[in-house]
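Numbering of the sequence shown is given in UniProt numbering, commencing with residue 1 and proceeding in unit increments.
Because the hints were derived from the structure by calculation, they are not lab data. As the structure is a prediction and not an experimental result, all values here were calculated from the model. C-beta atoms are modelled at their ideal positions from N, C-alpha and C, and glycine is treated no differently. Hints may contain errors.
30 Å max Cα-Cα, derived BS3-like pairs, lysine-lysine [claimed, not checked]:
{"hint": "1", "residue 1": "K90", "residue 2": "K118"}
{"hint": "2", "residue 1": "K74", "residue 2": "K32"}
{"hint": "3", "residue 1": "K192", "residue 2": "K271"}
{"hint": "4", "residue 1": "K82", "residue 2": "K165"}
{"hint": "5", "residue 1": "K165", "residue 2": "K177"}
{"hint": "6", "residue 1": "K19", "residue 2": "K175"}
{"hint": "7", "residue 1": "K9", "residue 2": "K175"}
{"hint": "8", "residue 1": "K141", "residue 2": "K19"}
{"hint": "9", "residue 1": "K264", "residue 2": "K165"}
{"hint": "10", "residue 1": "K82", "residue 2": "K192"}
{"hint": "11", "residue 1": "K165", "residue 2": "K32"}
{"hint": "12", "residue 1": "K264", "residue 2": "K90"}
{"hint": "13", "residue 1": "K192", "residue 2": "K32"}
{"hint": "14", "residue 1": "K243", "residue 2": "K19"}
{"hint": "15", "residue 1": "K19", "residue 2": "K165"}
{"hint": "16", "residue 1": "K82", "residue 2": "K118"}
{"hint": "17", "residue 1": "K90", "residue 2": "K19"}
{"hint": "18", "residue 1": "K177", "residue 2": "K141"}
{"hint": "19", "residue 1": "K264", "residue 2": "K386"}
{"hint": "20", "residue 1": "K243", "residue 2": "K165"}
{"hint": "21", "residue 1": "K9", "residue 2": "K243"}
Pairwise CB distance ranges (calculated) [claimed, not checked]:
{"hint": "22", "residue 1": "L489", "residue 2": "A112", "range": "22 to 28 Å"}
{"hint": "23", "residue 1": "K90", "residue 2": "T322", "range": "48 to 54 Å"}
{"hint": "24", "residue 1": "T276", "residue 2": "L78", "range": "56 to 62 Å"}
{"hint": "25", "residue 1": "D385", "residue 2": "N299", "range": "50 to 56 Å"}
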Amino acid sequence: MEMEDYHTKLSMWDNTREKERRRLLLEEAEDKQHDGVWIDEKRGFLDKLISRKRRANIEPGVGRWVSYLNRERKLDNLVGQKPVAPVAPKGLYLYGNVGSGKTMLMDMFYGATEGVIKHRRRFHFHEAMLEIHDHMHDVWKRRDDGKSMESSAFSWISGLPFDAKIKEWLIGEEKYKQDKHQKHILLAVADKFLVDRQANKCGASILCFDEIQTIDVFAIVALSGILSRLLSTGTVLVATSNKAPEDLNQDGMQREIFLELLSKLDETCNKILVGTETDYRRLIPTDGSTQIHYYWPTNPDTRSMFEAMWHDITNQTGGNITAVTIPVMFGRSIEIPQSCSGVARFDFEYLCGRPVGAADYIAIARNYHTIFISDLPAMSMKIRDKARRFITLIDEMYNHHCRLICLATLPIDNLFQGTEEGPLFDLESFQFETEAEGSKLRRDVSAEGNVGAGPSTRGLVSMLSGQEEMFAFRRAISRLIEMQTPLYLERVKHVHSSALQQQQGTPVLTKQSTVSQSAPL
């Protein structure tokens, strides 16, 4: 409650300061307007010439800087100093192996704060990165809009009873203030990052962040800048990762920036190793009547059962199957070839064989509670990019509690084993690809070149060995196994209860291990 009171006071302080700042600006504008008229009417040509020469001797920009500082001092006296954030309790940084319970513990904590902490947010890594991109786009767009008089930021000036020169001066003062306050775009983004747009809430006291990663330069720079800012203003972080904080950036990218983040995490979070080699998802009990959601191998019998499941579920929702288009972000959209009241169907190539990514998968997961995917192949070196997209897809389906129904070539445990074309990771192939592309790995890099230096030699070896991807594959297998269990399917019903009520009569298929089965638990 103390932290929420702080954010409320901070918001009130910001609003009051902005009102007083504009009042001071208007007073200065009135004085300039009056002085200008007096000069024109009362002073002679010589006086005006002397006045202009004095102004010309002032170094450009100094006058605006001095007036800005004087105005800020006046505001400090009128409004008072900025509220100081109370000492926040230490957060948690949970790290450990796949299936050790990190995300479950974080979600239990997040659920326990419902109704107690009003301002809170939970993000998965992909979702957080997209929101950061979205906020950066908004900041840049506002800065571009600010270059015109019609900009909403300066619209309050256009209707004032001043001549054009005074309005031009006001706009210049506003731009100068914005440049001072938004010199670093990540600080501006951090201040907006915890805003819940749908609930119109801001100033979150708690940030839950699942699967912190540093997959590229942009992730390191963005996470370091934004998390450092939030932790400095009293936000409590509860995070999960497969690595300890000091091991997140073994590639050595943007080392100085990363070390600042490490220092802030050490100061504000307790690091806890969830130390177990056991994947507890494999121990979730099942029963003999569990409905099949993962069919293998791909043959006429399993395809027939997959089709029967599709028709049973879509008939429960009216059976009106259509092709629709849903928005993604930044004006993009994705077509859903078969859509029926919260149920969608794709084949593997459509979802993972095209240049789509996390934003598309999040859009699908937010619009559909049940996803059918057919023709999952064995993941090999030959289709490594498709495999990585499939892993991202599984992450988002799992994070949004979607029911996933698959028709695959292999059982879950063998899905990422590779085929006769070669294993999923091959050091020589990675090396060749790296040299051919000028030492730029084919990774999901959001910012390149002028953002920062490339990885160190030690980091390059780490990337070439596929450590991050191997962990991601193990996580995908573990999550696919859990997504077949009654416990997960009950959670799907709870999260999507209103949408699934009309499907409660869906027939249950009995397991037939000779035809279709989940991976052994």
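>> Hint by hint, where does the structure go against what was stated? Just the numbers, ascending.
In response: Of the numbered hints given earlier, those the structure breaks are 4, 9, 13, 14, 17, 19, 20, 21 and 25, listed in rising order.
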